[in-house]
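Q: So you can see what is in the structure, the chains are spelled out below.
Protein chains: 4
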Amino acid sequence: MTKPPQPPQPHQGDGGGKPPLGVGMVGYAFMGAAHSQGWRTAGRVFDLPLSPVLAAVCGRDGDAVRAMAGRHGWAAAETDWHALITRDDVDLVDICTPGDSHAEIAIAALAAGKHVLCEKPLANTVEEAEAMVQAAAAARERGQLAMVGFNYRRVPATALARKMVAEGRLGALRHLRVTYLQDWLVDPEFPLTWRLRKEAAGSGALGDLGAHIVDLAQYLVGEPVAGVSALTETFVRERPLPAGASSGLADAGGGDGRGPVTVDDAALFTGRFASGVIASFEATRFATGRKNALRIELNGERGSLAFDLERLNELSYHDHTEPGAHAGFRRILVTEPDHPYLEAWWPPGHGLGYEHTFVHQARDLVHAIASGTAPEPSFADGLQVQRVLAAVEESAAKNSVYTPVLPVDPIGPVTPTAPTTPTTV
Amino acid sequence: MTKPPQPPQPHQGDGGGKPPLGVGMVGYAFMGAAHSQGWRTAGRVFDLPLSPVLAAVCGRDGDAVRAMAGRHGWAAAETDWHALITRDDVDLVDICTPGDSHAEIAIAALAAGKHVLCEKPLANTVEEAEAMVQAAAAARERGQLAMVGFNYRRVPATALARKMVAEGRLGALRHLRVTYLQDWLVDPEFPLTWRLRKEAAGSGALGDLGAHIVDLAQYLVGEPVAGVSALTETFVRERPLPAGASSGLADAGGGDGRGPVTVDDAALFTGRFASGVIASFEATRFATGRKNALRIELNGERGSLAFDLERLNELSYHDHTEPGAHAGFRRILVTEPDHPYLEAWWPPGHGLGYEHTFVHQARDLVHAIASGTAPEPSFADGLQVQRVLAAVEESAAKNSVYTPVLPVDPIGPVTPTAPTTPTTV
Amino acid sequence: MTKPPQPPQPHQGDGGGKPPLGVGMVGYAFMGAAHSQGWRTAGRVFDLPLSPVLAAVCGRDGDAVRAMAGRHGWAAAETDWHALITRDDVDLVDICTPGDSHAEIAIAALAAGKHVLCEKPLANTVEEAEAMVQAAAAARERGQLAMVGFNYRRVPATALARKMVAEGRLGALRHLRVTYLQDWLVDPEFPLTWRLRKEAAGSGALGDLGAHIVDLAQYLVGEPVAGVSALTETFVRERPLPAGASSGLADAGGGDGRGPVTVDDAALFTGRFASGVIASFEATRFATGRKNALRIELNGERGSLAFDLERLNELSYHDHTEPGAHAGFRRILVTEPDHPYLEAWWPPGHGLGYEHTFVHQARDLVHAIASGTAPEPSFADGLQVQRVLAAVEESAAKNSVYTPVLPVDPIGPVTPTAPTTPTTV
Amino acid sequence: MTKPPQPPQPHQGDGGGKPPLGVGMVGYAFMGAAHSQGWRTAGRVFDLPLSPVLAAVCGRDGDAVRAMAGRHGWAAAETDWHALITRDDVDLVDICTPGDSHAEIAIAALAAGKHVLCEKPLANTVEEAEAMVQAAAAARERGQLAMVGFNYRRVPATALARKMVAEGRLGALRHLRVTYLQDWLVDPEFPLTWRLRKEAAGSGALGDLGAHIVDLAQYLVGEPVAGVSALTETFVRERPLPAGASSGLADAGGGDGRGPVTVDDAALFTGRFASGVIASFEATRFATGRKNALRIELNGERGSLAFDLERLNELSYHDHTEPGAHAGFRRILVTEPDHPYLEAWWPPGHGLGYEHTFVHQARDLVHAIASGTAPEPSFADGLQVQRVLAAVEESAAKNSVYTPVLPVDPIGPVTPTAPTTPTTV
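Chains as they are written, first to last, in UniProt numbering: chain A, 1 to 425; chain B, 1 to 425; chain C, 1 to 425; chain D, 1 to 425.
Calculated directly from the structure, the hints in this document are not laboratory data. Just so you know, not all the hints are guaranteed correct.
You can't tell identical chains apart in this list, so a pair holds if it fits in one copy or across any two.
[Claimed, not checked] For lysine to any residue, the following SDA-like pairs were computed, each having C-alpha atoms within a straight-line distance of at most 20 Å:
| no. | residue 1 | residue 2 |
| --- | --- | --- |
| 1 | LYS398 | ALA111 |
| 2 | LYS198 | ASP338 |
| 3 | LYS18 | ALA75 |
| 4 | LYS18 | ASP63 |
| 5 | LYS18 | THR234 |
| 6 | LYS18 | ARG66 |
| 7 | LYS398 | GLY227 |
| 8 | LYS163 | GLY324 |
| 9 | LYS18 | THR373 |
The task is simple: from the sequences and hints, build the whole structure.
A: Next up, the structure:
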C-alpha cells in the first residue's frame, strides 16, 4: 500500500513458447470492452496454439483510448486506424466500430495483409458487404482469414443446438420461431440518438437485433433463408433531440426540439428455406420486461429445441422418439464437460455469462488462424444476412409481398467441407 | 350392491324455484362431452338465475346417442336435429357438430325460436357465417340470443388479461404474439382423416387452431384485425387412407392406398390492427412436444402480459411502471376470489382445468339469457374471425401480399355499450 | 323462460342397468362441495361398474343443508348423521366433517353396515385412529370397505410418480423433500378461528398440511416413516377473537379481545425410512406468495422426480441413465391417454384441476367396492400418518430428539398383495 | 504467425498511477483458476483504488505450478508457501488450498504482515478457526485485513436479496429453506478420493456444500444460527480405492480393493435463529440431475424471495403488500445497472456467470484494503459457520437432539457499525 507504483506487470507468460497472435482493435466502446475480455481470457482458459497479445487499440479520442488501453490491458493506443492496421505487431484487426465504417476498415486491413474479425452486422448495405466478401476471397488466396462476429453462435447452448440438428436428432425440420425482444426504447422521451436515424444506423431493431436472429436461424437450419414477407413499424415517430445533438441531428428537428425517428421500432417477418422449412421472426425494442430475450424454438419431425438468451446456460430439448408417457421438454444445463466449449470451464452447473461468447469467438478464430482453416461465420455468411435484411425492408415497403433472397455462393454452412460445428469443440 | 337398479335419480333439486333453461345439444363427441360437463356443473357451482336442464341430445346413431345421453345425464335422445330444435323442453340449442353443418342448424334453430350456442368456428365459409349473423340479428329482435363458443375467452387468466388491458394497465399496446402449437400430425403415417381434406374441414391448422388465436387476439386487443400477410405450408403431402375410409376418401387416393392432404399443416401470419398494434400468429400441428401450447404475449407501453394454455391457471405480468431494480415478469396464480369466475370455486392455489371453460361459458350464457343481454362472443365476432381466416388464405395464395380484412359492423368488442369483459364477473 | 319451474330432472340415466351405489355424505362445506363434484362426475366420465347416486347429505343446520342439497344435486337432506347412516338408500357414508367427529361417525357407519370414506386426517388422535382401524378390520370381515381421503394420491402426476418409483425407474431412493406452503395466516389480524385452537383442531399446519405430505411421502416411497426429528413454531401467538365468537373462544381471550393461538403455524421435520431413505418436511401457512405449494422432490440412484401442486398437470423427471450431454429434468405434461386416470379425459395438453382428484377418488372407490378389493389409502394408512404426526409433536416437545414411529401392521403399501398403484388405472 | 515468440506482454498498464496490490496465491487447482480470473479481471471492469498484480503463485509441484503461472498470468511461481508469504511483492496472500492447511498458512501470512483471503471453509475444525480469528484480530490492530471466501455472497442476486431484507421489504422474517444439491457422487463406483475420508476432508457434503448454505442463511437473515437439529447419512458406505491411491488410502481398504467412506453423503438439518426465524437445510451430493442447485427461499411477513444458483442471474420476489389479484412471484433479472455489482458490466439482460463472483470478491476486498475497512465475511463469520457445522455433527451423533451454537462475539453481520451489504455497491 505504501509502496510506489510498480512497473507494468506481464500480461502473460511466454505461453510455453507459443507463437503470439497480435491483435489490433478498432473501436473501444461496449463491443470493445467485450472483445477485450475475450482476447485477454481465451488463452488463460483454453489451450490455444497461438498466444493472443493485446497489441494496440484504436480510437479517435486520444485520451479516451489511452485510458481504455490502460484499463483493459492493451499495450499501445492509436488514434488513426490506418496506423493501427499497418503495425508490425498486429496480425489480426478486430473491428468494433459502428457498421458504416466496417467495409472501409476491413478492406484496408485485408489489403494490409491482416486477418480480420468484423463485428456484426457485416456492413450497413448489401453493396458494401459484397465488396467485403470479394476482398476476403482475394485475401484468402494469400492465406488471410476473415470472420464476422455473430457471437451468439458461440453460446454453448446454441452450439449444442446446431450440433444436435446436424446429428439428425430433430429429423426433418418443420419450422422455427426466433424472436429478439428488448425494451429500452419504450419511453417516448428517450432521445433521438443516431441509432434512430436511418442515414446513420441503416435500420432499427431489424439491423441491430434482426441480424442476430437471421444469422442464428441460418446457422441452426444449415441453409440460407430463401425469401421473406415482412411488416415493420415505428411506434414512436418523433422523439426529443438529444442534448448537445450534432448539427446533423439538430437539422432533423422542427423548431420544437423534436425530430422524426426514421428507422423501425419493430420488425415482424416470416420466411422460407429452400428445403421447405418455414420460420417466423420478430425483432423489437418495445417488449416491456424483456431485456435480452433472444428466443428460438426449432421443431423437427423427431424432436424440438428451445433456447432463451436470458437463460443462456440452458437448452430445452424434446425427444419425440421417446414413449409419450415419459416424454417432455427437458432442461439441459449446458455445463457438462462434453458440451461445446465446456471442456475448459468450471464443473457442471457453474454457468457462464454473456461475455464468454467473446472468449469462445477468440478461441475459435485463433484455432482457425493456426490451422489455416476458414472460420465461421464467414464474410459470405455476413453478406447472406445483409441480403435477408434487405429483402425484409423491400417486402415491408411492398405490402409484405414475398421477396426472394439471392443466395450467396457458396455460403459456408451448406458447403460440405466446411462443417458448421466448431471443429475444435 | 345387492339391491336392484334404482329409478333415475334427480339430476338437481328445483333450484329453489328457479326457472329452468332447457338445453338441447346437437353432436355428442369430444365437444359434446365437454359441453355436457359445462351444463351439468354450472348451476352446481355458480348461483345462476336460471337452472340449466339437460333436456335432450341429438346424434344420427341412435344407440350411440342414447348411450351418451345415459352417460352424461341427458333426459332424452334424438336422432334428427330437426326434431330436437322444435322440442318444447328445449330453450337453447347447443351446436357441437363439425363446422359444415353449423349454418344450417343454427339458422333453423333461431327460426324455431330458440337461443343458440354454436361451437367455433362459426362456419366453414364467410358466406355461411354472414347468413348466420343475419339470422341472429333477426332473432335478436324477437328476444333470442346467439353466441359462438370460443371457450378460451373463459379461462380465468385470459379474462383477467382482457380486464387488465381494458383497465389500461398495459397502456398503449404495441404488439402481440400468439401461437397455437400442437403435435398430433407429426407422424407421416397418421391417416388421411376428414380433417385433412379441404372439402370437409375447410382448412387445417388454420381453421382449427388459428380460429382460436385470432379470436383471442381480437378479444384482448379490443378491436378487429385490419389486415394480414400469410404463409401456409403442408409438410406431409400424402398420407395413408384411413382403414374403412368412406368412398369419398377412398376416391382421393391413387392405387397405392395413399391420398393427398389438401389442407395446411401450419400457418404463419402477421397482422395489423387499425390502432397501430401489430401481431404475429402461428398455428401448427407439427410442433413436437407441444400439446396445447396456445401462447400469448402482449406488450404495451406500461406493461406486458404472457399466457400459456398448458399452464392455464397462471398469467405472467410485467408492470413497467415499477422501478427497474425490482421489476420482472410475475406469475399471477389466477385462483384468487376476485379473479374472473373464481368467486365460486376453490381456495387460492387450487387450480382449474380445461373443462371449466365450458362451465364458465354456460354460466355467462345463462346470465345473458336471464337478463336479455347480448352475450359475447357474438355471431358477428365469429364472422369477423372467419373473415380474418379467409384473408389469411387469400394472402397465402397471393405471395403473402398484405390483405385487408373487411370489418364486421358492428363488432361486439368495439361497441361501447357491449363491454368486452363479462358483465357478471 | 316463461315456462313454470319444471319438476326435478333426472340426475342420470339408468347407467345401462348398472347397480347404483347410494352415497350419504356428512358435512357440506368446502370438502362437501368438492366431494359432491366427485360423486356427480365420476360416472359421467369413467365407465364404472356401479352408478353413484347422491342419496342424501347431512348437516346440523336444516335450511343450509337443504339449500346445499338442492344446489349440488343430493336427493335428500338430513340433519342428524345417525339418521343418515341408517338410510336404506345409503351404501356408503362419506365423512366430510372436521376431524374431531371422524371416529364416532365412521365407527357408527361401519357398525351400520356401510362402506366408509373418511376425509383426512383420519382422526385428531392416534387413539381414535386406532379404534377406527379396528372397526374397519371388523367390517372388512363382513365385506365392508373403508378408505381415507388423501386425495393428492389421485393427482395423475403423483400417481404417475408412484408408478415410476414402483417400476424402479429411480433405482434405490436416496432422499426426498416435501413441502406444503400456504400463506393465508400471514396477517396477524386474521382472527382466532377454531383452526387455531388445539382443543378443536388438534394441531395447526402440521395436521392440516403435514398430514398430506406425510401420506404422500409414504405412498411414494412405499414404506412408512420410521422416525422423525421436529421443530414447530407459532409466529403469531395472539390473535383477535373472531366476531361472534362462541363462548368457548371468547373464554380464550383476555379482556382485550385477543386470545392465544395454541397450535403451530409451521412445522419442520426430518425423517428416516427403514430402508435408509431420508426425508425433510415442511408445512407452513406463512410462506407469502405460496398458495398451495405442495412440492415433492424424490432423488434416486437412477433418476429424480419433482412435483408442484400449483402446476398439477406436470411431473418433472430426470433420467440419470441417459448420457449427460442430453440429460436434464424434463417436464412431462401428465395428460397423455396412458397416464393414470387420463384414459377418460381430454386430449393431450388439456389439463385437469384440483377437483378432479375427488372424481378419481370416487372412481377408485367404486371399483374397489364393486370388486371387493380393499381400497387405498386404508384406515391403517391413515393411522400411520397420525402416528407420524404424533411423533413430530413429541419430538418437537423434546428438543427435537429423534422419535421412532411405531409401524402399523400391516400397512397397505408394503403388502405385496396390495399394489400401491391403482389397479384399474 | 511466422514471427518468433515475443517477450511477455504487459498484463496491465500503470493503472493511471494507481498503487499496485500484489497478490500471492497458494494453491492452483479449481479454486486457483477461479481466483486467477477474479484478480485478473477485477481491475479491468471496475474502477478500483488499487491495481491488483498477480505477483506469485505457489504449489508443491514445480513444473505444474510454473505451467499454471504461465497459463494464468502469474509473474512468478513458488514451491514453498513460506517463501511466498514473505515476498516483498506480495501484499495479500490468497489461500486456495484444501481446508486442513488453511489455519497454518493464514496465521503465518498474517504474522508476516500480509492481508489474507482464505477460501471456505475457514478451517476443518472449530479450534483451528478460533486460532485464525485470534490471529486476524491481532493483525487487525496492525492494519491488516482478513476475509473468508464465501463467494456466493457476491452473486448479484444474493447481494440484492440481502439488500432487500435489510431494507425491510420482507418485513419480519418467518422461515427460510436452503438446499445445496449436487449429484456427482451417485455412482457407487466413483472412487474413494480424499474428499470421502474424514481425516482429510473433515466432513462430506456438510463441510463442502453445507458451509455455503449456512453462511448464506446467516448473511441473508443478518444473525447467526442459534441451534440445530441434524441427521446425516452415508448412502454408499464402501467404494473402490482410487487408482494409484496413496498408501494412506490403500491402508483404508480391505483386501478387495475397496475402502469405507467415512464422511456424510448428505446432511439434513433444521435450525433456529435467536429472533425466532426457523430454517431447514439440506446438503447432498446424491440429487441426480441437480448440478449446482443452491436454492434459497426466504419467507417474511411482507414478502418472499427465492433464488437458484443454477439460474444465478435471477431473483424471484413476491411483494405481499400488493393487491392479491395482481400479485405473484416475479422474476427479477438481476442485470440492471442499479443492481449490486452491475454498474460496471453489460447492458440489461446480458447475464454473468459463476466466475464473476470471484471478480466481485476481488473488487470488494481491494476496496476494503484501500479504505482500511474490515471486509466481510470476516474470519469471525467463518468461525461462526464452523460452529454451526460442528453443532450439526454433534446433533447428528446425539439422536438429532437440538444443539445450541455458541455465538462468535462479535459477529460481523450483527454489529451495527458493520453493514452487511457491501458498502461500495
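Q: It remains to establish, for every hint, whether it holds in the given structure.
A: Going down the list of hints, with the structure as the test:
no., hint, result
1, LYS398 x ALA111, "neither (39 Å within a copy, 47 Å between copies)"
2, LYS198 x ASP338, "neither (44 Å within a copy, 31 Å between copies)"
3, LYS18 x ALA75, "both (19 Å within a copy, 17 Å between copies)"
4, LYS18 x ASP63, "between (33 Å within a copy, 17 Å between copies)"
5, LYS18 x THR234, "neither (52 Å within a copy, 48 Å between copies)"
6, LYS18 x ARG66, "between (28 Å within a copy, 15 Å between copies)"
7, LYS398 x GLY227, "both (14 Å within a copy, 14 Å between copies)"
8, LYS163 x GLY324, "between (24 Å within a copy, 15 Å between copies)"
9, LYS18 x THR373, "within (19 Å within a copy, 43 Å between copies)"
Violation of the numbered hints given earlier is confined to hints 1, 2, 5; the remaining hints are satisfied by the structure.
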